[in-house]
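J.: Chains as they are written, first to last, in numbering that gives the first Met the number 0: chain A, 0 to 273; chain B, 0 to 264.
Hints in this document: simulated from the structure, not taken from any laboratory.
Idealized CB from N, CA, C, for every residue including glycine.
Keep in mind that the hints are not guaranteed to be accurate.
What the hints assert, rightly or not - As a list, the in silico DSSO-like pairs of lysine-lysine whose alpha-carbon atoms are at most 27 Å apart: (1) 128(A) with 168(B); (2) 128(A) with 152(A); (3) 207(A) with 194(A); (4) 168(B) with 88(A).
What the hints assert, rightly or not - Calculated Cβ distances over 12 Å to all of chain B for the following chain A residues: (5) 134; (6) 135; (7) 138; (8) 141; (9) 193; (10) 249; (11) 253.
Said to hold, decoys possible - Calculated from the model, a selection of chain B residues having no Cβ within reach of chain A, i.e. all distances over 12 Å: (12) 48; (13) 93; (14) 112; (15) 157.
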Amino acid sequence: MGISLPTENDRANESAAAFISCSNVVLDFKSRGVSQRVLNDLSLRVTSGQIVSLLGPSGCGKSTLLRVIAGLIDADSGRTEIRGQPISKTMPNATRDEISFVFQEPALLPWRTVWHNVMLPLEIRGLSKLKDKQDTIEHLLQVVGFKSSDWHKLPSQLSGGMKMRASIARAMSTNPKILLLDEPFAALDDMLRSKLNDLLLAISKEQKCTMLFVTHNIAEAIYLSDEIAVMSHGRIAECLKVPIPFPRESKMRSSSEFAAYYGVVSEALSRCHS
Amino acid sequence: MNSWIRRCSPYIAPLGLFLFFGIAWHWVVQWFDIPKIILPSPLSVLNALWVERSILLRASWVTLQAAWAGLLCSAVLGSLIAVLFSQSTAMRIALYPYVIFLQTVPIVAIAPLLIIWSGYNFRTIVLVAVIISIFPVISNVTSGLLSVNENLRDLFRMQSATRWQMLTKLRIPAAVSQLILGLRISSGLSVIGAIVAEFFVGNSGEYDGLGTIMTARQAQLKTAELMAALMACTALGILLFSLVNLVGATVLRRWTRTTGFESEK
Chain A
0 MGISLPTEND RANESAAAFI SCSNVVLDFK SRGVSQRVLN DLSLRVTSGQ
50 IVSLLGPSGC GKSTLLRVIA GLIDADSGRT EIRGQPISKT MPNATRDEIS
100 FVFQEPALLP WRTVWHNVML PLEIRGLSKL KDKQDTIEHL LQVVGFKSSD
150 WHKLPSQLSG GMKMRASIAR AMSTNPKILL LDEPFAALDD MLRSKLNDLL
200 LAISKEQKCT MLFVTHNIAE AIYLSDEIAV MSHGRIAECL KVPIPFPRES
250 KMRSSSEFAA YYGVVSEALS RCHS
Chain B
0 MNSWIRRCSP YIAPLGLFLF FGIAWHWVVQ WFDIPKIILP SPLSVLNALW
50 VERSILLRAS WVTLQAAWAG LLCSAVLGSL IAVLFSQSTA MRIALYPYVI
100 FLQTVPIVAI APLLIIWSGY NFRTIVLVAV IISIFPVISN VTSGLLSVNE
150 NLRDLFRMQS ATRWQMLTKL RIPAAVSQLI LGLRISSGLS VIGAIVAEFF
200 VGNSGEYDGL GTIMTARQAQ LKTAELMAAL MACTALGILL FSLVNLVGAT
250 VLRRWTRTTG FESEK
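Let's have the full structure, built from the sequences with the hints guiding it.
T.: Set out below in C-alpha cells:
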C-alpha cells in the first residue's frame, strides 16, 4: 500500500501501517486580516522506505505540506503523524530526530568548512566527538562524492552542485528515517540534476529512508519515485503509481515506457491547472 | 612597466587633484595677499607641521589611545547590547529609543556635563568617544543577529537546537561581518568624539591631546599650526579606519560570501 486517498472507513485501520500520515490537514495563512487557505483538507499516506514525489503548480501548497511534516509549521486542524507519533512544533526531540530536511538552497554556513557543516547536526546533539560518528561523516562525504582533499574547503570555494552534495550529506548525518526535500535541484543544470538523482536513489537504497520530494520537474519525479502525488489547491488531487521497475538506471529515461508515462503525469498535471 | 602603471593608477588621480589643490591654494594666498592669520599658505602649514612635529606626534598618540579605547569599548559594549536586543523583544522595544538618543544627542552640548561628572581626564575623553561611536555597532550587530537566513534558522530548529546554540553557532557568527561594517563607521566617529571632548578638557594642563593643541593654537591665533593639527586629526582618523579594515579583512577571510571586502573567488 503506497499513498492513497483514504475513505472514512479504512482510515482508522490503516493509519498504523502508514509511515507518514496526514489526515484532513487544514492550514490558512493570515496576513493583515486576509486569510488564504494553503492546505485544504489534505490527506496523504506514505509507507516506509518509499520515495514519493509531490508535483503541482506553484502555490499549491507543496512546500507548506513539507514544512508541516517537518514540524516547522503547525496546521490549523487535522492530524499529521510519523509512525503514529503526532507531529507539531512542540513534538519530542526523539520524533524530531527522525526527520531531516534538504532546502531549495544548500543553506550551508559560509564560515564553516564542508566537514564542519556536515557535522553540524551531530554537534548540536553533542555527538560530534564520538569516533563512530566521525566515521559516519567520512563515509557520507565519500558517498556524496567528496574527495578527502575537499573536506576542509569553505562553501564559497565549491560549485553549486558540490554545495548541494554537502547539504544532502548533512541531512543524512543523523541517520534520519524520513528525508524531506524541497526542490533541491531546481537551480542546477540537467546533467548535474540527473547525477544527483542517481545519488539520491543510491542513498535511499543504502540508508533505507523514506523520502518525500517536492519538484516541478516531471522527468525527475518519475525517475525517482515509487509514487507521484499530484497536488492542486491545497490537496492531493491524484496519486499515480510509477510502473517503471527498480533499480532505476539513466538509460531508462529514454525508454518508450518512460516517455509514455511522462504523458500520463503531464496530463494529470494539466487537469490540475484547469 | 605596464603592470606598475596599473598598480599605481588608483593613486594618480587623487594625488594629482591634491597637488592641483595645493598649488591653487598657494596661488590664491599669494595673489590676494591674504593675511597669515586668516589663511596661511600650504607651505607655511607644512612648515608648521615640521616645526611642531614632536608636539603633534605626542598629542596624536594621546588622542589615538583615547579613540582606540573608545572604539574598543563601543565594540564590546555595543555587541553585548545587541545580543541582549536579539534575545528579548521587550528589551529591544523598551531600550531602542534611548539608543537612538545616543545617536542624536548633540555631543558638543553634553561634553561639558560629562566633564563635570567625570573630571578633566582620560576617562571622560573615552566616555565621549564611546557615546558617539557606539550606535553604529548596536544598530548593525542587532540587525545582523536578527536577519539570519530563514532556512538556516529552520535547520537549527529541526535539530532541536537550544537558544544558546542558535546564538553561538548561528546568530553571532552570522553577525560578525555586520560588526566589522559597524566598526568601520565607528572608527571615524571615535576620533571625532575624542577630539571634541579634548576641546573641553583642553587648557587644564592635565591633558594633552590633539583637541587640546587645537584650542590652544586657536587662542594664540596660530592658524598655520592649527591647520597642521587638523591634518594630524585627519591622519589619525584614516589610520584607525585602515586598522579596522585590516583587522576586518583578516577576520572575515572566512566570511567571503557575506562581505564587501574581497571579490568572490
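J.: Decide, hint by hint, whether the structure agrees.
T.: Hint check:
no. : hint               : in the structure
1   : 128(A) with 168(B) : 16 Å, holds
2   : 128(A) with 152(A) : 20 Å, holds
3   : 207(A) with 194(A) : 19 Å, holds
4   : 168(B) with 88(A)  : 21 Å, holds
5   : 134                : 20 Å, holds
6   : 135                : 16 Å, holds
7   : 138                : 20 Å, holds
8   : 141                : 23 Å, holds
9   : 193                : 25 Å, holds
10  : 249                : 30 Å, holds
11  : 253                : 35 Å, holds
12  : 48                 : 44 Å, holds
13  : 93                 : 26 Å, holds
14  : 112                : 43 Å, holds
15  : 157                : 6 Å, violated
Going through the hint list in order, the structure does not satisfy hint 15, though it satisfies all others.
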